[in-house]
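Trainee: If you want the building blocks of each chain, they are given just below.
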Amino acid sequence: MKKAILYLQDGTTFSGQSLKVTGESAGEFVFNTAMAGYQEVLTDPSYTGQIVVMTYPLIGNYGVNEEDVESKKIHVKGFVVKEFCRRHSNFRSTQSLIDYLNDNKILAVEGVDTRALTRHLRLFGVMKGMISTEDFDPKSLAKKLAAVPDMVGYDLVKDVTTDKKYVWPAKGPMKFRVAAIDCGIKFNILRILAELGREVHVFPATAKLEEILAVKPDGLFLSNGPGDPAVVTYVIDTVRKSFGKLPIFGICLGHQILGLALGGQTYKLKFGHHGANHPVMDKLANRIGITSQNHGFCVDLKSLNANDVEITHVNLNDNTVEGLRHKKFPMFSIQYHPESAPGPTDAQYLFGRFIESMGKFKK
Amino acid sequence: MPKRTDIKKILLIGSGPIVIGQACEFDYSGTQACKALKEEGFEIVLCNSNPATIMTDPEIADHTYIEPLTPDFVEQIIKKERPDSILPTLGGQTALNIAMQLSERGVLKTYNVRMIGATYDVIKKAEDRECFKAACLKIGLDVPRSAFAHTVEEAVKAAKEIGFPLIIRPSYTLGGTGGGIARNLEELERVASLGIESSMIREVIVEESIEGWKEFELEVMRDNKDNVVIVCSIENLDPMGVHTGDSITVAPAQTLTDREYQAMRNASLALIREIGVETGGSNIQFATDPRNGRMVVIEMNPRVSRSSALASKATGFPIAKFAAKLAVGYSLDEIRNDITRETPASFEPTIDYVVVKAPRFTFEKFPEAKDILGVSMKSVGETMAIGRTFKEALQKALRGLEIGHTGLDNKQDFRQIPEEKIELRLREPNASRIFYVKYALQKGWSIEKVAEISRIDPWFIAHIAQIIDLEKELLKSYHDEKNITPELLRKAKENGFSDAQLAEFMNTKEATVRALRKELGITATFKVVDTCAAEFEAYTPYFYSTYETEDEAVLENARLDKEAKGQRKKIMILGGGPNRIGQGIEFDYCCCHAAFALKDLGYETIMVNSNPETVSTDYDTSDRLYFEPLTFEDVMNIYEVEKPDGVIVQFGGQTPLNLARRLHEAKVPIVGTTVDSIDLAENRKLFAAFIEKLGLSQPENGSAMTTKEAVDIATRIGYPVLARPSFVLGGRAMRIIYDKESLLSFIEEAHDVSRGNPILIDKFIEEAMEVDVDALCDGEKTHVTGIMEHIENAGIHSGDSACVLPPHTLSEEIIARIKEYTNQIALGLKVVGLLNIQYAIKGGKIFVLEVNPRASRTVPFVSKATGFPIAKIAAQIMVGKKLPTFALPQMDDLKHVSVKESVLPFSRFSGVDIVLGPEMKSTGEVMGIDLSFGAAFAKSQAAANSALPKTGTIFISVNEFDKRNIVFLAKRLVDLKFKLVATKGTAKVLRSSGVPVEEVDKHGEGKNNLLTLIKRNEINLIINTPSGKRSQSDMRAIRAAAIMHNVPCITTLQGAEAAANGIESSLAKEFTIQSLQEYYKQKRNEPCAV
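Residue numbers (the working numbering), protein chains in the order written: chain W, 608 to 970; chain R, 7 to 1096.
Be aware that a few hints might be false.
Only pairs whose alpha carbons sit at most 30 Å apart, straight line, appear in this in silico DSBU-like list of lysine-lysine [said to hold, decoys possible]: (1) W:K627 <-> R:K497; (2) R:K482 <-> W:K610; (3) W:K609 <-> R:K497; (4) W:K782 <-> R:K524; (5) W:K765 <-> W:K680; (6) W:K712 <-> W:K746; (7) R:K497 <-> W:K712; (8) W:K890 <-> R:K9; (9) R:K524 <-> W:K610; (10) R:K427 <-> W:K778; (11) W:K610 <-> R:K497; (12) R:K9 <-> W:K627; (13) R:K231 <-> W:K934.
Beta-carbon label-pair distances, calculated as ranges [as the list claims (entries may be wrong)]: (14) R:G146 <-> W:K751: 47 to 57 Å; (15) R:E556 <-> W:F743: 57 to 67 Å; (16) R:E65 <-> W:D925: 34 to 44 Å; (17) R:V560 <-> W:D742: 25 to 35 Å; (18) R:K488 <-> W:K765: 27 to 37 Å; (19) W:E674 <-> R:A1043: 56 to 66 Å; (20) R:D567 <-> W:D925: 29 to 39 Å; (21) R:D134 <-> W:F850: 35 to 45 Å; (22) R:K163 <-> W:Y773: 49 to 59 Å; (23) W:E802 <-> R:D295: 51 to 61 Å.
In short, the hints are calculated from the structure, not lab data.
Positions of the beta carbon are idealized from the N, C-alpha and C atoms, including for glycine.
The following block holds chain W by itself, in its conformation from the complex (with noise of 0.2 Å):
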């Protein structure tokens, strides 16, 4: 255990101990306020460039387990809880929380007083920020700080995507191919895919749309990811192609994505949303779920075209957009995880919606 500070852009500290592994890291904070589902938060892609802090004060009690991954590694730069489980349990666990921390070179940092971090980042709004076991100079780690590029305008799909396209195979027999293009995307997306039958071809973020067409897929699937999803130019190009050609189904980044492709615009949250307990309407049902999200920029309402786009999805809690839907082609997307890993299973509806889709398309 050493002594660790947890240093904001904007001067304030907070003061923790790391685990095993030592020195700095950078990144942005957020927020997460599921209770359980940790090992999902940090293996999965979206968090890339972040410093999560958990704000449910235990973590780790039921250790880690080798199905709960929602990609190959752990993606954090940095993960901020009260209190590590000393003792994890449960029947499925392999190893403890702490132990997969440290063999993954995680900064990580237990002792903070989280509900006084959340509540900075709910004030002030989500910023750059660093871990630190070295270096307790605020101004030395400000400088350091100064030359960590911010999230707005910064490319992080790049570091993510697959770099070769890869096939996630259907279970059973397999009814549909779908192409998926890879901006960070969570096994469980994949692991329902397939479990709906459908083969998905996975692709770098970087495929042209030709490659895609290639594989004959009955509908494209945009993958959720890190980062601004407006500097990610090269999908969005390749999505503004494929209209009219294939069925389309969003999920998160892939949403914004989508949002752009339209001609709409997006925007960076104050301090996003990044939980399992947000309500959402499906205007389309006329029904609530309580979704899975993790997202810190959003579409903006107002930038869409009405006479093409309608929106199916509304948060709640805020207002923003959380679904829309092309008027005329089979495109659809959603702003939060219809695949939870963590959270609710409420949204795995929309799942069924794609399929009917490029049922339909196929027609």
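Position chain R relative to chain W; hints supplied.
Mentor: For chain R alone, kept in the frame of chain W given last:
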């Protein structure tokens, strides 16, 4: 969907008296519901028999009926009020059962009343074991596997399919006799054979035992648009096999991965839909196999419950309030979250702290009962604690229980406890098991070993091990370096150690630790409970303490200071902590009233309490709520942040009163009666001198510090004597003693109860009438608010005794003298606020038995009986208002009679004799109100679930003492067409006076044996007065049988006389069904139309 327009008038049923398993959480839910529905403009008819509830305050509903919660009485109310709807899901199992009975009897149909929230079919489906199981299986959920067997061979076959261990339950037996657990084939053959024998249809259910599995609960809400949310998840520390109400529980669930939690959540959603609960809250219990995660559904309550009250307090999400709004048509997204104001109720609370609930047991009241826990609930109350870690919350909860522990402390030295005892106490669930987990670990047992024996999840045990490690560190640091570093001290505080615990390690006083801490800047900080883990701004200040960096209470107070420009007046009210026998809802009622009254006067009110069942811990009740243990340390922490202008200690019962002296010494401004006056009343010696100075009579008495002193006093004043430790509530360990031998053994036992305090010895005045008086005093003037005549003679604790208001046999002269004495005592004690005096009256002489310069248990009863809000006036007096500024009613103009009856928990404690005495045993009370004593008394009996028979056989057996007086009563009963049976002695007396009576045997197994008659339901009422010195053992068995078969059993002659009056009234059908509002109006003006 907006509010339904087809609903105008709603009947809400409360849950009746406080009993084990159904406590004041239903006052909390019912009050919330009434307020929420009234706010929407509905006309509310309320029925509850419990006068100590906030919901029965006349301003809460439009028509308030304090009537027995029986289908007959509720039908009368329906007939009179003609509500169009009934909301049965907010008054516990009682309300649900009554609604079901009314439906089955066709009453709802006759009067065109519909059930809202949950319908008959839904309730049936959820409550009927077989229906529920079928529903679970239908939607693919797992339940414990089971099969029926009619022969041992069939049972063996079933066992092979299901696997051991198994629970064998015979079908159709009384009280579950003949069942058992089978762990192997041999046991199975034995248990199954016995079970089949004892079943009336020779059938047993062979069920998979899930004892020891992990237990979880989810609180679910659904609206009429089929939106469903989970409010809270709860994990039980005690695994399956211990009733949830008796388990230590934790929120949120700790050891579930998101995947497992979501599976449970999905199951809950599917179940509430399949069962068809239209709107409102439900709670669903699950068990999971710790080896493989297999999840089975245990049960579901299609209504708000104790757990939902806990979940509301744990999250800040007011389940009952929202359930009421959903029932009248709103959907979740149409309801705003009060706490954030911005966001709708259609979300799932997320919390950034850990909540621990710990049950409060009262086994000390029932020394014959074992403190072993099982599937039948035994605890009488609970406390909840909030911390940033489990360790902190657990330690706070344990000190909040007020059972003499300062946390997970070392009250017992583990070295003194034999290993076998530890093993047994771990294996067999019991009231103090959590401490034995600690002792075992201290002995060096591994976490795995403790987990294996206790079946408690290692996660919990590991945290206890961490507490021990920290203790070791503290001890080592203190011994090696004679110093505890600031870092270590802070760490200890973060882990929930109290100053008192730390003082023990540091060999010093609590005050020294506190001073040291403050010097080092290690002080408590307060955080907000906000439903959303700080994601949104919170507007409803509900705080808990922890040791962190930011203090939100300080921030909030700074904001309010700025807003008010320093013009703030604040009063802090200390609540009563967990319910227990002797201190329950009555005191919480007073605390709530203080908050309401002071708010009206423009004060900011600050409530401190640790009991999640209460209305006082509803964040709507006060301006700021601190959910904290009521210890000196915790109260001082709040005091130092809030700096209130005054602190009220006289409303929360003995809990805050016990803190009064120390708070006063710490310069906390206690308003109302001074601490010195409280001490004067509590200190027997000073008090005796005080009464003497006033020239009033009191039983001869003395206080003894040693055994010899005690014996000397008793010899001087003569037996029988009433002996008790000082500073106790509810007559704890109080006993009538008839000889020296008993006195000696009493002193030995009492030692622990009243450490360092004297034992008080009073002459016991036999055959005296007891009177309870409640009064208000502003230091200058006194106003008697109620005089209650006890039904039973002095010697039975006033909390257990039935009483009537106004007194029905006292002469005007005696009443005038009582008022005068009360005035003298109140002024002499300089009471500012409330006081309660118990008098004994014998032969025209009035003795002062006891004076309590504080709110008494009878305050709500008197308030309800007279329509005069005593506690509210008292609170205003405490902040300086004078009595003459209030319109004070005279008690003499009451046209109605109110009877209070107590409700006893004997059926929960097998082996305990049901005889009443000076130690309080009742858990709750009911009130009967009517125009005559007989009718009011009969109602009180019906409300207490021991309705008097109108016909049938009455068994009489009285002691020598009562034999003279029984004859007249027996004649009356014969005139009322009852058949009398009696034991030999009593029968002889009756026959010799010409009263027809049949003799029965007390002993043996014969046909004419009393026990047989009781078992065959051939006895409808038992009048049995035990002999003074010791109750006979054979009568004990009879009283126990009476409880089993629910035969009303009266143990005093006075009670029997009152019963005769009640029976007469019942037979004459002279019951009046009138709302409190009507009674009060009638009192002031002339009779109002009924």
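Trainee: Would you list, in rising numerical order, the hints stated earlier that this structure does not obey?
Mentor: 4, 10, 12, 15, 18, 21, 23
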